[in-house]
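Quick mapping for you: the protein sequence lines, in order, are chains A and B.
Take the first sequence: its letter number 267 is residue 267 in UniProt numbering, and every next letter is one higher.
Take the second sequence: its letter number 4 is residue 4 in UniProt numbering, and every next letter is one higher.
It should be emphasised that the hints constitute simulated quantities derived from the structure, not laboratory data.
Model, not experiment: these values are computed from the prediction.
A virtual CB, placed ideally from N, CA and C, is assigned to each residue, including glycine.
Incorrect hints may appear among the rest.
[As the list claims (entries may be wrong)] A few chain B residues facing chain A, derived, Cβ under 10 Å:
hint, residue
1, 78
2, 79
3, 83
4, 109
5, 115
6, 119
7, 123
8, 155
9, 156
10, 222
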Amino acid sequence: MIAYNFAYLDEQTKRGIRRALLKAVAIPGWQVPFASREMPLPYGWGTGGIQVTAAIIGQDDRLKVIDQGADDTTNAVAIASFFRRMTGVETTTRTAEATIIQTRHRIPEQALTEDQVIVYQVPQPEPLWKLIPERPVARRAHALSDYGMMYVKLYEDITRFGRVSSAYDHPVMVNGRVLMSPSPIPAFDNPKMDAMPALQLFGAGRERRLYAVPPYTPVRSLDFTDHPFHPGRADGTCAFCGSTSSYLDEIIIDDHGTRRFLCSDTDYCAGRIEEAERRAEEGGQ
Amino acid sequence: MAFVATKGGEDAIAAAHAWRADRRRGDGEGCTLRQATTSFGRAIDRVMAEGALYDPDLAARALLQAEGDLVEAAFLLRSYRATQPRLVDARPIDTTAMRVQRRVSAIFKDVLGGQRLGPTADYSHRLFDTGETAPESAPDPVAAEPVSPLPSAMGILGGETLLEAIPAAGHDAPPADLTTMPLDFPASRPIRLQALARGDEGFLLSLAYSTQRGYGNTHPFVGELRMGEVAVSVVPPELGFAIEIGDIVVTECQMVNQFTGSKTVPPQFTRGYGLSVGHADRRAMSMALVERALRADELGEATGSPAQDPEFVLSHCDNIQATGFVEHLKLPHYVDFQSELEIIRAIRRQADEQRAEDGMDRKKEDGDDRV
Numbered sequence: 001m002i003a004y005n006f007a008y009l010d011e012q013t014k015r016g017i018r019r020a021l022l023k024a025v026a027i028p029g030w031q032v033p034f035a036s037r038e039m040p041l042p043y044g045w046g047t048g049g050i051q052v053t054a055a056i057i058g059q060d061d062r063l064k065v066i067d068q069g070a071d072d073t074t075n076a077v078a079i080a081s082f083f084r085r086m087t088g089v090e091t092t093t094r095t096a097e098a099t100i101i102q103t104r105h106r107i108p109e110q111a112l113t114e115d116q117v118i119v120y121q122v123p124q125p126e127p128l129w130k131l132i133p134e135r136p137v138a139r140r141a142h143a144l145s146d147y148g149m150m151y152v153k154l155y156e157d158i159t160r161f162g163r164v165s166s167a168y169d170h171p172v173m174v175n176g177r178v179l180m181s182p183s184p185i186p187a188f189d190n191p192k193m194d195a196m197p198a199l200q201l202f203g204a205g206r207e208r209r210l211y212a213v214p215p216y217t218p219v220r221s222l223d224f225t226d227h228p229f230h231p232g233r234a235d236g237t238c239a240f241c242g243s244t245s246s247y248l249d250e251i252i253i254d255d256h257g258t259r260r261f262l263c264s265d266t267d268y269c270a271g272r273i274e275e276a277e278r279r280a281e282e283g284g285q
Numbered sequence: 001m002a003f004v005a006t007k008g009g010e011d012a013i014a015a016a017h018a019w020r021a022d023r024r025r026g027d028g029e030g031c032t033l034r035q036a037t038t039s040f041g042r043a044i045d046r047v048m049a050e051g052a053l054y055d056p057d058l059a060a061r062a063l064l065q066a067e068g069d070l071v072e073a074a075f076l077l078r079s080y081r082a083t084q085p086r087l088v089d090a091r092p093i094d095t096t097a098m099r100v101q102r103r104v105s106a107i108f109k110d111v112l113g114g115q116r117l118g119p120t121a122d123y124s125h126r127l128f129d130t131g132e133t134a135p136e137s138a139p140d141p142v143a144a145e146p147v148s149p150l151p152s153a154m155g156i157l158g159g160e161t162l163l164e165a166i167p168a169a170g171h172d173a174p175p176a177d178l179t180t181m182p183l184d185f186p187a188s189r190p191i192r193l194q195a196l197a198r199g200d201e202g203f204l205l206s207l208a209y210s211t212q213r214g215y216g217n218t219h220p221f222v223g224e225l226r227m228g229e230v231a232v233s234v235v236p237p238e239l240g241f242a243i244e245i246g247d248i249v250v251t252e253c254q255m256v257n258q259f260t261g262s263k264t265v266p267p268q269f270t271r272g273y274g275l276s277v278g279h280a281d282r283r284a285m286s287m288a289l290v291e292r293a294l295r296a297d298e299l300g301e302a303t304g305s306p307a308q309d310p311e312f313v314l315s316h317c318d319n320i321q322a323t324g325f326v327e328h329l330k331l332p333h334y335v336d337f338q339s340e341l342e343i344i345r346a347i348r349r350q351a352d353e354q355r356a357e358d359g360m361d362r363k364k365e366d367g368d369d370r371v
């Protein structure tokens with residue numbers, strides 16, 4: 001007889017994950033090892049985020065799952081349906097209505113509140129991995145706050161390319177102490193992490209690490225005084241809602257390479273369209 | 001059963017084979033060729049790739065004969081392949097003319113011709129089907145019509161020259177053929193691709209994974225992954241024009257990797273290429289990652305990681321060679337071992353004698369002291 005517990009994992013495992021999360025909250029940005037389990041979705045597809053969500057979700061929660069900012073992408077749909085199946089909890093696409101938002105590669109455009117938790121899926125929790133592939137050596141660098149090599153890397157980018165070349169997963173300093181990977185969100189989203197009212201939890205299943213940024217914690221993107229951090233976005237306007245400030249996806253619409261830009265955050269885009277229609281109706285009356 | 005160092009052993013070998021055949025059949029007749037062909041499609045694809053021969057029926061036969069041991073099955077196929085005459089070289093297959101069942105791009109949300117999942121388990125929940133956890137809504141199986149031709153999703157980047165041109169083979173002559181010449185270094189790109197195409201999937205996978213963890217990072221994105229049937233055509237010398245001789249299913253992966261370049265050379269995306277017979281996402285993607293990692297030296301990147309070392313990768317990726325040599329250690333080595341025994345005894349004897357001599361000297365010295 002095969003039966004699954006509420007939210008798939010057994011209660012002891014979930015408690016173990018919550019304990020690791022408490023430690024993570026106590027040391028903002030610090031990578032806490034945890035006994036990651038095999039989840040029924042492949043490693044690299046969000047197993048860390050899924051375990052965090054499974055550990056904190058309760059009957060009364062409302063879950064939103066996004067991938068690339070969108071609720072309708074295949075991976076987000078698969079994860080949301082997994083939680084509906086394993087918890088019976090209601091899922092939503094509305095950012096404002098969700099109590100837990102699990103995300104891959106984006107932070108919603110709409111500002112999050114103290115009543116919300118955002119769970120990031122993290123492929124590579126170690127921000128120094130491209131510079132130091134040996135994890136024990138990297139861990140020592142964190143212990144000693146030895147982050148000079150990361151600044152050297154950014155400096156080398158500037159001398160080679162005239163600018164910092166990390167467009168996503170740009171490293172951040174948390175609470176002035178710990179260098180942290182923000183997960184592969186575009187640099188555009190980095191500023192949203194700073195002093196965010198919502199609790200931010202990060203899960204890396206394959207690498208067996210959890211970390212967290214408590215509400216209202218300072219999060220600074222690494223930069224230089226004379227080369228300040230530059231959060232980039234495509235210079236365009238959303239073809240649906242007309243937003244000039246949201247993060248945009250580039251869509252190729254014919255074989256001549258004609259392109260359009262659309263909001264990556266589908267809920268934000270839909271909300272703006274609804275709002276515009278409502279105003280048009282009111283204006284008409 | 002006693003083990004005796006016998007000469008010959010014909011009876012022993014016959015008995016081993018009989019035992020194995022008995023075990024394979026189990027209680028009944030075992031799995032039929034037809035069942036194997038329909039139920040173990042991905043295993044057959046892997047056997048064909050590593051066996052370097054496209055023949056699903058023979059691969060299924062090999063799989064059964066090898067008790068499901070994939071490397072052993074590929075070995076059977078490779079051995080059979082060696083007996084076949086080489087009549088004519090096929091023309092290069094054209095994957096843009098593929099009858100596409102599956103095509104995904106991870107770099108554009110939508111691409112011309114659309115994202116097509118095809119028959120994939122990618123988004124399935126790996127749960128045992130208990131009957132209680134039926135999918136929320138199970139649509140009728142839809143066999144979507146394959147589309148053809150479908151332009152490559154990479155085309156748009158090439159048009160903007162953001163993507164490097166397809167790297168040259170190194171010369172204009174027909175590419176070298178790994179099956180007719182020994183592997184030699186430096187290995188040209190065609191040779192590297194040929195070696196990887198028949199390389200062990202586990203080896204390629206682990207090497208590819210190592211690049212993702214910092215041991216030779218390639219900053220990869222899946223520009224396009226496509227699977228479907230392509231036509232194979234040949235130009236028979238007596239005809240002088242191309243005729244199609246059949247279709248094969250292949251999976252092609254084109255990786256887009258982060259730019260190189262400098263302040264003077266404009267940055268550009270580079271390519272990594274993977275191709276496998278059959279429906280084999282994991283294999284094609286691993287190959288593309290390793291192929292790109294092997295270009296590190298050519299592109300002036302830092303080297304030193306295992307996946308970036310052509311000699312290390314190409315010399316060890318063939319699992320027929322690897323399994324043979326690893327497992328050959330089971331063969332008798334009594335002669336070698338006997339000579340090792342003699343040597344180690346001699347060395348120990350010498351050491352004992354030396355120690356005894358030193359001891360006597362010391363006693364003598366001690367004795368002298370007492371005087």
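Results of checking the hints against the structure:
1. With a cut of 10 Å, the hint placing residue 78/B at the interface with chain A is violated, because the nearest CB-to-CB distance is about 30 Å.
2. Below 10 Å, beta-carbon pairs count as interface contacts, and residue 79/B has none with chain A, the closest being about 34 Å; its hint is therefore violated.
3. The restraint placing residue 83/B at the interface with chain A is violated, with a minimum CB-CB distance near 40 Å, outside the 10 Å limit.
4. A cut of 10 Å between beta carbons decides the hint on residue 109/B: the least distance to chain A is about 5 Å, and the hint holds.
5. Because the smallest distance between the Cβ of residue 115/B and any Cβ of chain A comes to about 8 Å, under 10 Å, the interface hint for this residue holds.
6. The interface hint given for residue 119/B is broken, as the beta carbon of that residue sits about 14 Å from the closest beta carbon of chain A, more than 10 Å.
7. Below 10 Å, beta-carbon pairs count as interface contacts, and residue 123/B has one with chain A at about 4 Å; its hint therefore holds.
8. Satisfaction of the interface hint for residue 155/B is found here, the shortest Cβ-Cβ separation to chain A being roughly 8 Å, below the 10 Å cut-off.
9. Of the supplied interface hints, the one on residue 156/B holds, with its beta-carbon coming within about 5 Å of a beta-carbon of chain A, less than 10 Å.
10. Contact between residue 222/B and chain A, as hinted, is not supported at the beta carbon level, the nearest pair being about 12 Å apart and thus beyond 10 Å.
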